[in-house]
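Q: Each chain, written out:
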Amino acid sequence: MKKIEVSRRKFLQGSVSLCIYATSAMAVPLSTTKTSNKSATGVPYLCNMCRNKCAGFARVENGIVTKLDPNPYFPKSRNMLCPKGNAGVDSLYDKDRLKYPLIRIGNRGEGKYQRVTWDEAYEYIKDRLVEILDKQKDNRSTIAYCNGEGFNKDEYIKFFGEKIGSANFLDEGSICLNTKLGATLLTIGDVGEMDVAGSDFLMLLGANRFESLITPDSVDMARVQKEQKLVVVDPRATVTALKADEYLPINVGTDLALILSMSYIAIKENLYNMEFVKKQFKDFDKYKEHILKEKYTPQWAESKTAIPKEKIERLTKEFFSAERPLLYMGRRSVWAKNDFQLRRAMVLLNGLAGSINRKGGIVFGEPIKLPQEAINSPIYDNAEGRFDLDGVVYGSQKGGSWLNFREKVVTKTAPYEVKAMFIRKHNLMHNMPNVTKTKKMLEMMDLVVVLDSMPTDTAIMADVILPECTYLEREDMVVSFNRLEPSLALRNQVIKPLYESRSMQDILKGLGQKLSLPLFEISKKYDEELQDSIKELGEKKAFGEGGYDLAELYKRDISQRNRELITKKFGKDVYRTLKERGVWYPNMGKQHKEIFNGVYEYYPKEKRFYSVDRKYRVKCYLKKLEKNGFDPMPTWRDEYNFKVAKDSFRMITGRYVMFTQSATTNNKMLRDLEATNHIWINDKVAKSKNIKLGDLVEVKSSIGKVQIKAYPTNKIHPQVVWFAHGYNSTSESMTNSYGNGANDNEIIEDRFEKIYGCATMHHTDVTIRKI
Amino acid sequence: MARYGMAFDYKLCINCRACEVACKEENGIELGANKHRLWIETKEPSGDFWNLNREKMDFMQLQCQECEDAPCLKACPNHAIYQDKNGIIRLHEDKCDLSLDCVKACPYDARYVDTRKNITDKCIFCADTRLARGLITTACQVTCPAKVRIFGDLDDANSEISRVLKEREYFQLKVEEGTKPKLFYLK
Chain S
405 MKKIEVSRRK
415 FLQGSVSLCI
425 YATSAMAVPL
435 STTKTSNKSA
445 TGVPYLCNMC
455 RNKCAGFARV
465 ENGIVTKLDP
475 NPYFPKSRNM
485 LCPKGNAGVD
495 SLYDKDRLKY
505 PLIRIGNRGE
515 GKYQRVTWDE
525 AYEYIKDRLV
535 EILDKQKDNR
545 STIAYCNGEG
555 FNKDEYIKFF
565 GEKIGSANFL
575 DEGSICLNTK
585 LGATLLTIGD
595 VGEMDVAGSD
605 FLMLLGANRF
615 ESLITPDSVD
625 MARVQKEQKL
635 VVVDPRATVT
645 ALKADEYLPI
655 NVGTDLALIL
665 SMSYIAIKEN
675 LYNMEFVKKQ
685 FKDFDKYKEH
695 ILKEKYTPQW
705 AESKTAIPKE
715 KIERLTKEFF
725 SAERPLLYMG
735 RRSVWAKNDF
745 QLRRAMVLLN
755 GLAGSINRKG
765 GIVFGEPIKL
775 PQEAINSPIY
785 DNAEGRFDLD
795 GVVYGSQKGG
805 SWLNFREKVV
815 TKTAPYEVKA
825 MFIRKHNLMH
835 NMPNVTKTKK
845 MLEMMDLVVV
855 LDSMPTDTAI
865 MADVILPECT
875 YLEREDMVVS
885 FNRLEPSLAL
895 RNQVIKPLYE
905 SRSMQDILKG
915 LGQKLSLPLF
925 EISKKYDEEL
935 QDSIKELGEK
945 KAFGEGGYDL
955 AELYKRDISQ
965 RNRELITKKF
975 GKDVYRTLKE
985 RGVWYPNMGK
995 QHKEIFNGVY
1005 EYYPKEKRFY
1015 SVDRKYRVKC
1025 YLKKLEKNGF
1035 DPMPTWRDEY
1045 NFKVAKDSFR
1055 MITGRYVMFT
1065 QSATTNNKML
1075 RDLEATNHIW
1085 INDKVAKSKN
1095 IKLGDLVEVK
1105 SSIGKVQIKA
1115 YPTNKIHPQV
1125 VWFAHGYNST
1135 SESMTNSYGN
1145 GANDNEIIED
1155 RFEKIYGCAT
1165 MHHTDVTIRK
1175 I
Chain Y
103 MARYGMAFDY
113 KLCINCRACE
123 VACKEENGIE
133 LGANKHRLWI
143 ETKEPSGDFW
153 NLNREKMDFM
163 QLQCQECEDA
173 PCLKACPNHA
183 IYQDKNGIIR
193 LHEDKCDLSL
203 DCVKACPYDA
213 RYVDTRKNIT
223 DKCIFCADTR
233 LARGLITTAC
243 QVTCPAKVRI
253 FGDLDDANSE
263 ISRVLKEREY
273 FQLKVEEGTK
283 PKLFYLK
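Chains as they are written, first to last, in the numbering used here: chain S, 405 to 1175; chain Y, 103 to 289.
With the rest of the complex left out, here is chain S:
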């Protein structure tokens, strides 16, 4: 009989819930709406509490959303909703939501706004844009635009990129996962997908899949715990590490040394899959020679990583003798300056084990292809190209490099002036290192427009705030998901937009109608190609055929567009299934079945796309890197050594399971679970500094300082401190997150790696002082 100490959770539970939150904030309604005992309609929707997109059914009673339940039909989210997904109701009904269009009357960041009508807001934007574009002689790229939300990104790009004609689009990729995507793409020709469920030996580096939930990866990992060996490498004993079969503490930023050493052992002792390497690898001889010549021995790796050499040797042998080993590539992954090289070394190691295009490996799969709607876009003669990839070897042509962009703007070294920004659901004042610089960038703009549903720290930097509805109040264009078990999913509208908020498409439609002619007039003045075209065709035709009607795409509403697009390619039944169940995939009716207790099978094993017929090579050597002065093959450099300044700590960042960055810290339900963020500091170190649980400390780096409560613990490296990202709004209108905890990006120094232009996060040394 197992003895379990049973006691109701008190103040201090699990990680760090230190204060009772909701009882002290009486302004917050003290509960949510209880569901009734009567049946009600369930509307299939797709979650947007994070970037991941799970499927659910929303229960609507008397026009009120009372509950969100998981959708059993969606292969990706495996019939579950996480705590954030469950708390979506409280984001929908958050009393702090942006309700009306607003125009700034105070200083930027002060939060003083005047309520205006939609037309007044559009009119204001039009006047400013005409002024700016006239001054910039129709260089459309003076308008930068960015987006942080997963859905609608392409629609947003079509409007500002193709219709308005700016080259300067920025998204979260360069502060998130572009090195991982790029390393995979450049090494095996595709970004692929990791088959976590199919692996019998899973090794995680730089990923915390049980506290940073990604579907289906996190769900699969949780469900196959009994059948899979899980090894976690981390400078912090995360929940994922605590649940692992084996946990290896490591020095920050030295993962590459571990992977290189595993590669060394595999090659030296001929543990690798020779048949696969012979068939698929390109330049393996060069890689072999390089790895052996550099002598990445376990002893060497121990000196870099602090992982005992015996463990490295044993784990490498276990990894290569497993049937389907998988080295998990992470997601929000740009931690150290060598990140691209690390991700590449990881792809190559997976390749050495033959874990590519097979069960339990990196799979190519067979995504369902969706047709694209054609739009007629103008060509602007005076629109300049993007500049944020100057000095970056590859970079994402789509989402660019945030830190390089911002740097060039604030130091005025960009080839032209950027004077306007449209910011959609992208909290710039929180999401990238060095908040001071972001503030400076926004202050340099003549026009800042924010589309969001919450009065974020970025929203209060705007001239005009346009209230966008939440994901539960709109239909979005159908999306294709996944490769191994592919499906289509449709976000249906659960309720009509609350207050005066609008969907993004409706916002852009209004804006497009307002801007089309005035902006065309600017082009007429400066664009010689357009002037010729007018001479030839006449003004009306030049406007129409040239695609200058900016609202063209939104003439038909989303539901009409979805119906036409889906029906045309897949037929009426598929459309109906998507409306009724939110999800469709081939043979769904036959294949979809419950195995046990809410666990479903979507594709029988023999129908999953584990291995597809495709020609590809695993490229060991990248000439372009060499040409640009970088290592063509993953190589350790002395500058990567883990070294912390005297009396300092290396600051690392991450997440709590119940929050998605800054987007959810105002959610009253989630704040119940984790009231504030705390800084993790090694227990022995804390003792020597007389820092106790809950003590307020000042954390200082070269660029700033924050105050935060301490959480001494044995779960963190003695030279490292950690706290969760996303806390402490400066916007007073975010009543639950205002002044609560600390914002990591006020102290993380802004540096980016030069291969993908991605912000690195784990290089800042800080000092800590008890207050």
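If you're looking for bench data, these hints aren't it; they were derived computationally from the structure.
Where is the CB? At the ideal position from N, CA and C, for every residue including glycine.
Any given hint might turn out to be false.
No more than 27 Å apart at the CA atoms, straight line, and that leaves these computed lysine-lysine pairs for DSSO-like [what the hints assert, rightly or not]: (1) Lys282(Y) to Lys1093(S); (2) Lys197(Y) to Lys715(S); (3) Lys672(S) to Lys683(S); (4) Lys197(Y) to Lys630(S); (5) Lys630(S) to Lys268(Y); (6) Lys145(Y) to Lys630(S); (7) Lys282(Y) to Lys633(S); (8) Lys145(Y) to Lys442(S); (9) Lys816(S) to Lys1158(S); (10) Lys206(Y) to Lys282(Y); (11) Lys113(Y) to Lys630(S).
Between beta-carbon pairs, the in silico distance windows are [unchecked claim]: (12) Lys1009(S) to Arg265(Y): 34 to 44 Å; (13) Lys973(S) to Asp150(Y): 56 to 66 Å; (14) Arg235(Y) to Lys973(S): 34 to 44 Å; (15) Asp150(Y) to Arg718(S): 14 to 24 Å; (16) Asp186(Y) to Glu1102(S): 54 to 64 Å; (17) Lys715(S) to Gln274(Y): 31 to 41 Å; (18) Glu1102(S) to Glu146(Y): 20 to 30 Å; (19) Asp150(Y) to Ile468(S): 44 to 54 Å; (20) Glu1102(S) to Gln185(Y): 51 to 61 Å; (21) Asp649(S) to Arg265(Y): 20 to 30 Å; (22) Asn155(Y) to Asn1045(S): 27 to 37 Å.
Assemble chain Y onto chain S, guided by the hints.
A: Positioned in the frame of chain S, the structure of chain Y alone reads:
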């Protein structure tokens, strides 16, 4: 008529707390970090960072154990607590005067005070929400990523819970108290 119970494949839990939020949303539970019908018990590893004693950390899902012989029911001076037709321990809210005898009597610390209604509250297997709508699932069960919770009728030999209890070994909490709990933790 049923005899509802719940089994937990507790080792699979990753402490994401989706269950807690789903419960609060479904049942309109009072907000507050100490107000909850269910909670997850966590442990901390001991030792030094480089040599943590953690084995494989397990989390425990705790809530009302739905005793066949419920101490809370017997302790209530107002006879406010009763067992419904499905074997679930319920409360006549109008009869509760917050004597808190039930809170003290419960060996599992399952009850808390709802300060809106001035009653003691605890898990009732979604009896007046989901079960009342004819579902045989609980909010915590369906949302769980790892599908830790198995809910159903213990008297129905074909229910998933009956089958799993036949096939797998389990333990129960504080059986020495003689409460005959209907919650089962699978080994």
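Q: Now tell me, hint by hint, if it's right for this structure.
A: These are the hints, each one checked on the structure:
A distance of roughly 50 Å separates the Cα atoms of Lys282(Y) and Lys1093(S); the hinted pair therefore is violated under the 27 Å criterion. Only pairs whose Cα atoms come within 27 Å are accepted, and Lys197(Y) paired with Lys715(S) is rejected, the gap being roughly 63 Å. For the suggested pair Lys672(S) and Lys683(S), the alpha carbons sit about 19 Å apart, so the restraint of at most 27 Å is met. For the suggested pair Lys197(Y) and Lys630(S), the alpha carbons sit about 47 Å apart, so the restraint of at most 27 Å is broken.
Under the criterion of a C-alpha separation no larger than 27 Å, the hint pairing Lys630(S) with Lys268(Y) is consistent with the structure, at around 20 Å. This hinted pair checks out: Lys145(Y) and Lys630(S) have alpha carbons roughly 20 Å apart, not beyond 27 Å. Between Lys282(Y) and Lys633(S) the CA atoms are separated by roughly 37 Å; this puts the pair beyond 27 Å, and the hint is violated. Under the criterion of a C-alpha separation no larger than 27 Å, the hint pairing Lys145(Y) with Lys442(S) is inconsistent with the structure, at around 40 Å.
A C-alpha spacing of about 20 Å is found between Lys816(S) and Lys1158(S), which places the hinted pair at or below 27 Å, so the restraint holds. Only pairs whose Cα atoms come within 27 Å are accepted, and Lys206(Y) paired with Lys282(Y) is accepted, the gap being roughly 18 Å. Under the criterion of a C-alpha separation no larger than 27 Å, the hint pairing Lys113(Y) with Lys630(S) is consistent with the structure, at around 9 Å. Take Lys1009(S) and Arg265(Y): their Cβ atoms lie about 23 Å apart, and the range 34 to 44 Å is violated.
One distance hint, 56 to 66 Å for the beta-carbon pair Lys973(S) and Asp150(Y), holds here, with the actual separation near 60 Å. The hint said 34 to 44 Å for the Cβ distance between Arg235(Y) and Lys973(S), and at roughly 38 Å that hint holds. For the hinted restraint 14 to 24 Å between Asp150(Y) and Arg718(S), the CB-CB distance of approximately 21 Å keeps it satisfied. Distance hint check for Asp186(Y) and Glu1102(S): the Cβ-Cβ separation is about 56 Å, which falls inside the suggested range of 54 to 64 Å.
Here the CB-CB span from Lys715(S) to Gln274(Y) is close to 39 Å, well matched to the stated 31 to 41 Å. Distance hint for Glu1102(S) and Glu146(Y): a CB-CB separation of about 26 Å, consistent with the stated range 20 to 30 Å. Between Asp150(Y) and Ile468(S) the C-beta distance comes to about 52 Å, which sits within the given range of 44 to 54 Å. The hinted range of 51 to 61 Å is satisfied by Glu1102(S) and Gln185(Y), whose Cβ atoms lie roughly 56 Å apart.
At about 28 Å, the CB distance of Asp649(S) to Arg265(Y) agrees with the hint of 20 to 30 Å. Hint check: Asn155(Y) to Asn1045(S), Cβ distance near 30 Å, so the stated range 27 to 37 Å holds.
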